[in-house]
Amino acid sequence: MDGLTLASPSAERRTYSPWRETWRRYRRHKLAVVGAFLLLALVAAVVLGPFLWRVAIDDIDFAATLQGPSLAHPFGTDDLGQDLLARMIYGGRISLAVGLAAMMVSVIVGTLIGALAGMSRGALGHALMWLTDLFLSLPQLPLLLLLIYLFRDGLKAVFGPEGGIFILVVLVIGGLRWMPVARLVRAQFLSLREKEFVEAARALGASQARQVIRHILPNALGPVIIAGTIDVAAAIIAESTLSFLGLGFPPDTPTWGRLLYDAKDYLDIAAHWALFPGGAIFIAVVSINFVGDGLRDALDARKVI
Amino acid sequence: MAPLLEIKGLKTHFATDDGIVRAVDGVDITIDKGETLGVVGESGCGKTVTAMSILKLIAMPPGRIVEGQIMFEGRDLVPLASREMDEVRAKQIGFIFQEPMTSLNPVLSIGEQIAESLRRHEGLSRNDALDRTVEMLKLVQIPNAGGRVHDYPHQFSGGMRQRVMIAIALACKPKLVIADEPTTALDVTIQAQILDLLQDMKERFGMAVMLITHAMGVVAETAQRVVVMYAGKVVEEAGVDSLFEDPRHPYTQGLIRSIPRIDLNGGQKIRLEAIGGSVPILINPPPGCRFAPRCRHAMSVCTVNEPVLREVAPGHRMACHLGATP
Chain A
1 MDGLTLASPS AERRTYSPWR ETWRRYRRHK LAVVGAFLLL ALVAAVVLGP FLWRVAIDDI
61 DFAATLQGPS LAHPFGTDDL GQDLLARMIY GGRISLAVGL AAMMVSVIVG TLIGALAGMS
121 RGALGHALMW LTDLFLSLPQ LPLLLLLIYL FRDGLKAVFG PEGGIFILVV LVIGGLRWMP
181 VARLVRAQFL SLREKEFVEA ARALGASQAR QVIRHILPNA LGPVIIAGTI DVAAAIIAES
241 TLSFLGLGFP PDTPTWGRLL YDAKDYLDIA AHWALFPGGA IFIAVVSINF VGDGLRDALD
301 ARKVI
Chain B
1 MAPLLEIKGL KTHFATDDGI VRAVDGVDIT IDKGETLGVV GESGCGKTVT AMSILKLIAM
61 PPGRIVEGQI MFEGRDLVPL ASREMDEVRA KQIGFIFQEP MTSLNPVLSI GEQIAESLRR
121 HEGLSRNDAL DRTVEMLKLV QIPNAGGRVH DYPHQFSGGM RQRVMIAIAL ACKPKLVIAD
181 EPTTALDVTI QAQILDLLQD MKERFGMAVM LITHAMGVVA ETAQRVVVMY AGKVVEEAGV
241 DSLFEDPRHP YTQGLIRSIP RIDLNGGQKI RLEAIGGSVP ILINPPPGCR FAPRCRHAMS
301 VCTVNEPVLR EVAPGHRMAC HLGATP
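Protein chains in written order, with the working numbering: chain A, 1 to 305; chain B, 1 to 326.
Careful, some of the hints might be misleading.
Stated by the list, open to error - Derived DSSO-like pairs (lysine-lysine); straight-line CA-CA distance at most 27 angstroms: (1) K91/B <-> K175/B; (2) K195/A <-> K173/B; (3) K91/B <-> K11/B; (4) K33/B <-> K11/B; (5) K195/A <-> K56/B; (6) K11/B <-> K195/A; (7) K195/A <-> K8/B; (8) K56/B <-> K138/B; (9) K91/B <-> K173/B; (10) K175/B <-> K138/B.
Derived by calculation from the structure, the hints in this document are not laboratory data.
Model the full assembly from the supplied sequences, consistent with the hints where possible.
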């Protein structure tokens with residue numbers, strides 16, 4: 001215990017807020033700090049990268065195909081002599097955006113359904129949990145493929161090839177990952193709604209919506225945030241899987257998964273082509289999981305560290 | 001003068017797997033303006049359920065107000081929709097809970113929690129509500145109120161939290177405050193402070209208090225009138241002096257005998273008496289008086305006929321066959 005024990009006299013009045021306490025606890029989780037740093041570095045690289053590395057992603061140069069890392073091409077080139085660093089920066093934006101957007105979809109849908117199921121004392125709750133179980137028991141990959149085949153062309157026509165696929169991929173991945181969040185939120189709600197402070201809020205004339213939004217939801221949010229970080233990682237991997245199967249973004253859009261897919265035929269002669277996007281996915285997923293770990297410890301107020 | 005609150009024949013039952021629990025089974029209670037009414041009885045006598053029924057805080061289902069009226073200022077609260085009930089809660093009737101440790105939301109600052117009902121019921125702006133909140137914290141004697149208003153519940157001790165709970169309950173200046181065992185979770189010195197505070201607040205705002213407790217001593221100090229409940233029914237009702245000097249119902253007599261006293265027997269050591277047995281389970285209670293199995297004066301009539309409340313002295317009513325003219 002450093003300086004926070006009761007006996008330590010504090011000269012100035014310190015204001016403790018839960019967020020500050022959370023940050024203090026988070027800092028004690030070394031891997032989580034490293035993870036947050038790596039994740040920020042990745043985000044900074046894909047956001048600022050195009051301004052610093054001004055090579056076009058579709059600059060074809062047959063004189064320099066399948067080259068390993070060099071000063072001119074730090075991450076090497078692919079079979080058309082395109083610069084892999086530029087392509088990875090571009091693709092990273094999509095991969096990370098898909099991960100975050102799909103996480104938002106699954107967290108929002110899952111929280112809504114879990115909250116409704118958790119607050120309902122009647123048939124609605126049972127029906128929603130039945131729906132959740134139904135979705136959990138669906139075979140995911142065939143369903144993903146089916147949905148993408150069904151809706152790809154329609155969405156492409158409306159939102160353009162990249163926008164349409166982005167929306168489709170996000171909805172499909174997020175739409176198949178909300179179930180664990182819903183179960184988590186429902187369980188939290190079932191226990192929180194019986195807590196005395198919720199009853200006290202009711203005694204003060206708080207409407208049910210207000211009880212949920214102001215009193216129950218903020219107390220249920222900790223586990224949801226952690227489930228969310230795990231979902232980001234899972235969504236990045238799912239997008240890579242789809243792209244790897246050739247079902248995600250169009251071939252000329254270099255998401256990290258698509259790069260892996262294109263590289264698979266050259267693994268023996270140009271391993272760097274697969275290693276860099278693979279490494280980027282690995283770092284993103286691992287660092288997000290570490291951040292989730294750290295948040296889980298930091299947001300549990302009962303845990304004294 | 002019409003009473004502030006008049007409960008008539010209230011029955012609140014709970015449906016369980018084992019049968020219907022008749023937690024409150026025909027209770028009549030009146031509270032006048034500005035009066036402190038003590039409601040006493042062992043745990044499981046229906047005191048809290050009665051209080052929760054007034055604000056309709058009973059979980060429905062399994063709970064249900066089966067019959068009866070709860071007249072507050074001439075208006076029956078039982079048929080009100082939950083939206084109308086929200087207007088009564090906090091603004092007309094405040095509620096202080098038993099457990100100060102868990103009745104505050106851990107993720108909101110106490111200022112936000114006090115201001116919540118002020119903004120909700122009085123439509124105050126954020127700044128006005130903050131001013132009123134600080135004022136309330138000063139009234140309940142939280143030191144450095146202006147500085148502590150942004151603190152969180154875990155930074156307060158149990159007694160301080162109960163003060164905050166009182167501030168929340170009184171923020172909208174309700175006409176009636178229901179305090180459900182407000183001091184049970186606190187140690188004895190803090191108990192006295194909280195009771196003093198409650199008394200002080202009552203005088204300042206001129207409100208009525210319904211004080212639910214199982215401590216006879218607390219009642220003797222604070223209440224003007226006392227209702228004794230047993231197994232979901234009122235067994236005796238009297239002014240506080242009359243009740244302690246001349247308890248009529250065997251259950252009340254037992255409760256009073258179980259208080260340790262230093263002013264009797266000239267300091268001689270005497271054994272405290274306890275009431276044998278415990279409160280019956282209220283599923284299908286047997287006919288007759290519910291206290292009969294534990295009563296030292298039980299007669300044959302007690303297991304057949306249920307005694308009704310009758311006046312035994314001015315303002316003193318009780319439900320027992322003892323001394324009744326057959």
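Hint-by-hint comparison with the structure:
no., hint, verdict
1, K91/B <-> K175/B, "8 angstroms, holds"
2, K195/A <-> K173/B, "25 angstroms, holds"
3, K91/B <-> K11/B, "25 angstroms, holds"
4, K33/B <-> K11/B, "24 angstroms, holds"
5, K195/A <-> K56/B, "17 angstroms, holds"
6, K11/B <-> K195/A, "25 angstroms, holds"
7, K195/A <-> K8/B, "30 angstroms, violated"
8, K56/B <-> K138/B, "31 angstroms, violated"
9, K91/B <-> K173/B, "7 angstroms, holds"
10, K175/B <-> K138/B, "21 angstroms, holds"
In the structure shown, a violation is registered for the earlier hints numbered 7, 8, in ascending order.
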